[in-house]
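Knowing the structure of chain A, use the given hints to seat chain B on it.
There are 2 protein chains.
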Amino acid sequence: MNLQILSPVELRRAIRAGELKGNTSGLAQGFVQCNLAILPADWANDFLKFCQLNPKPCPLVGISAQPGDIAIAELGEDLDIRSDVPKYRIFKDGEFVEEVQDVTQHWRDDLVIFALGCSFSFEEALLADGLDVRNISEGVNVPMYRTNIECKPAGRFSGTNVVSMRPMKPADAIRAIQICSRFPSVHGAPIHFGDPAAIGIEDIHSPDFGDAVTINEGEVPVFWACGVTPQVVLEQAKPSFCITHSPGHMLISDLPNSRLAVL
Amino acid sequence: MNLQILSPVELRRAIRAGELKGNTSGLAQGFVQCNLAILPADWANDFLKFCQLNPKPCPLVGISAQPGDIAIAELGEDLDIRSDVPKYRIFKDGEFVEEVQDVTQHWRDDLVIFALGCSFSFEEALLADGLDVRNISEGVNVPMYRTNIECKPAGRFSGTNVVSMRPMKPADAIRAIQICSRFPSVHGAPIHFGDPAAIGIEDIHSPDFGDAVTINEGEVPVFWACGVTPQVVLEQAKPSFCITHSPGHMLISDLPNSRLAVL
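Protein chains in written order, with my numbering: chain A, 1 to 263; chain B, 264 to 526.
Please note that the accuracy of each hint is not assured.
[Said to hold, decoys possible] Computed footprint of chain A on chain B, listed as stretches where at least three residues anywhere in the stretch have a Cβ under 8 Å from a Cβ of chain A: (1) 430-437; (2) 457-463.
[What the hints assert, rightly or not] Over the 12 Å line for every Cβ pair with chain A, so calculated as not near, a few chain B residues: (3) Ile268; (4) Ala304; (5) Leu311; (6) Ser327; (7) Phe354; (8) His369; (9) Leu390; (10) Ile467; (11) Ser469; (12) Leu523.
Simulated from the structure, these hints should not be mistaken for laboratory data. These figures come from a predicted structure and were not determined experimentally. Idealized CB from N, CA, C, for every residue including glycine.
Just chain A, with the same shape it has in the complex (with noise of 0.2 Å):
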C-alpha cells in the first residue's frame, strides 16, 4: 500500500480497519491534520472556554455538534472519531490508563470532540518557502518545553504554555513568522525567539518532549505555542474521563491546509 498517494479519507479507512498503525506525519499532504481531545460534556463548556481564550497553544478546528456524535461533518466525509486515529490515549481522573488503536467500546454519550490545529500544516508552508525546519531536516520528533506563560484560566482548566522549538537564522525567522501569521488556527506566529531563560527554559538541549536538535552558529531558537499544551493542562485538571490522540498519531481531515490560510 503506498500510503503517500491515498487521499484523507482513505488514510481513515486505511487505519479504522488496522492497515496503519503508525504515526501519521508526512501523510496526507496538503491536509489539515488535527489533535484531539475528547471530554464528557460537564467538563466540555471549560474546555471550549478554555480554547477561546488560548487560541495560540489551542487552535480549535472543529466541535462536535453534540454530545455524543463520532463525527465533525466539516472536518471529514465518514468519519468515525472512534477508529480512524491510528492511537489514542485514554485517561481517568487525569491519570493515564492506556494507549489503544481503536475507542469504541469506551465511547459514551455524553463525549465532546474537540479538534486542535497541528504544526504539521505550517511545516509544510515553511517547507513550502525553501525554509529548513530543522526536527524534519534530521528526521527527529520536534524539541517541546515547558515554560513559563501562563495560559489564561477557565473554569477547571488552568498551566503554562508548552513550546515547541524550531532554530533558524534570524532573516528565515522573520519569513517564519510572516508565512505562520497566515495560519492562525495552526498555532499562528511563534510567541518568542532568542533566549530560551526569558520564557522559563534551563536547557535548550534538554526539550521536556520529543527530541533535541542541533542550533547552529548565527542561528536562534524560535518558539512556537504548541498543541502538548492541552494536554499538559488536562492532566493538571484532571477530568474524570478523557480521550486524545497519541503524538504523532493525528487526526486526518479532509480540510485543505491552504482553508485555513487568513490571507
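Then chain B, alone, in the frame of chain A:
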C-alpha cells in the same frame, strides 16, 4: 500656527511660503512622508532599476512622469517639488555642495523625481498598536548603521544597506514584523534582529547616523532597511548632479498611510 491640525497640502503651502523650516516628524499624522532623490534623466534609468532590485531600502512610492516635471500627480494636489520640502541637499559629482530651502533656482528640465517610502509610516502603525518605538519615546533620531548586506547593483549604483534599529522584547518584535509586513512600500518587515555583528555592525551603541537609544534587559535590536541607503549609494555613484531632501525634512504627501497597506 498650530501645525498639528494642518492638512498635507496646507503644510506644503506653509513650507513653500517659508513659514515652516524644521523637520516634518510628527506632522500630517496618518499621511505618507517620502524620502526624495532627484536625478538627471541620464542617471534616472539606472536608479530606477536599483530601486526595483532593492525594494526594502528603496521602496518607490512615486516617480515623475516626464523629465523636468515638478510634481508627481498621485502624491499630492498643488505640489511643487522645488519648494514644498523644508530643506534640500544639493550634490555635484557626488560631493555635497549646499543645503537650501528651495531648489527653484537649481531646477533643470532633465531632472527626474523619485519619492521613496519612509519609516514614519510604519512607526505610526507600531505606535497605534501600543508598541514602544524607542527613538520616539526618547525623543531622538532613530539610530542607523552601515552593514555588510550588499544591495543588488544596477548600472552605476551599488553599495551596502544602511539599517535603522529599534530595540524590542521578542514578543513585540514578532508583532512588529506582522505589522510592518503589511507595508512593503515603507521598508516592510525587518531584515534582521539580534546579533549586530552578523550584519557587520561593530558597536550597537555607536550608530553611523542618528542617535543611540537605550536597549533594555530582555530586548533585542531589530533592524529595518533604511531610506538612508539610497543616499549612501548616490554618494558612491557620484552622479553629475543630484538633489535629496535633508534628513528628517521629508516630502509630505496626500496619500493616507493606510493606502500603502497591502492587506
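- Task: Run the structure past the numbered hints and jot down the numbers of the failing ones, going up.
- Result: As far as the earlier hints go, not one is violated by this structure.
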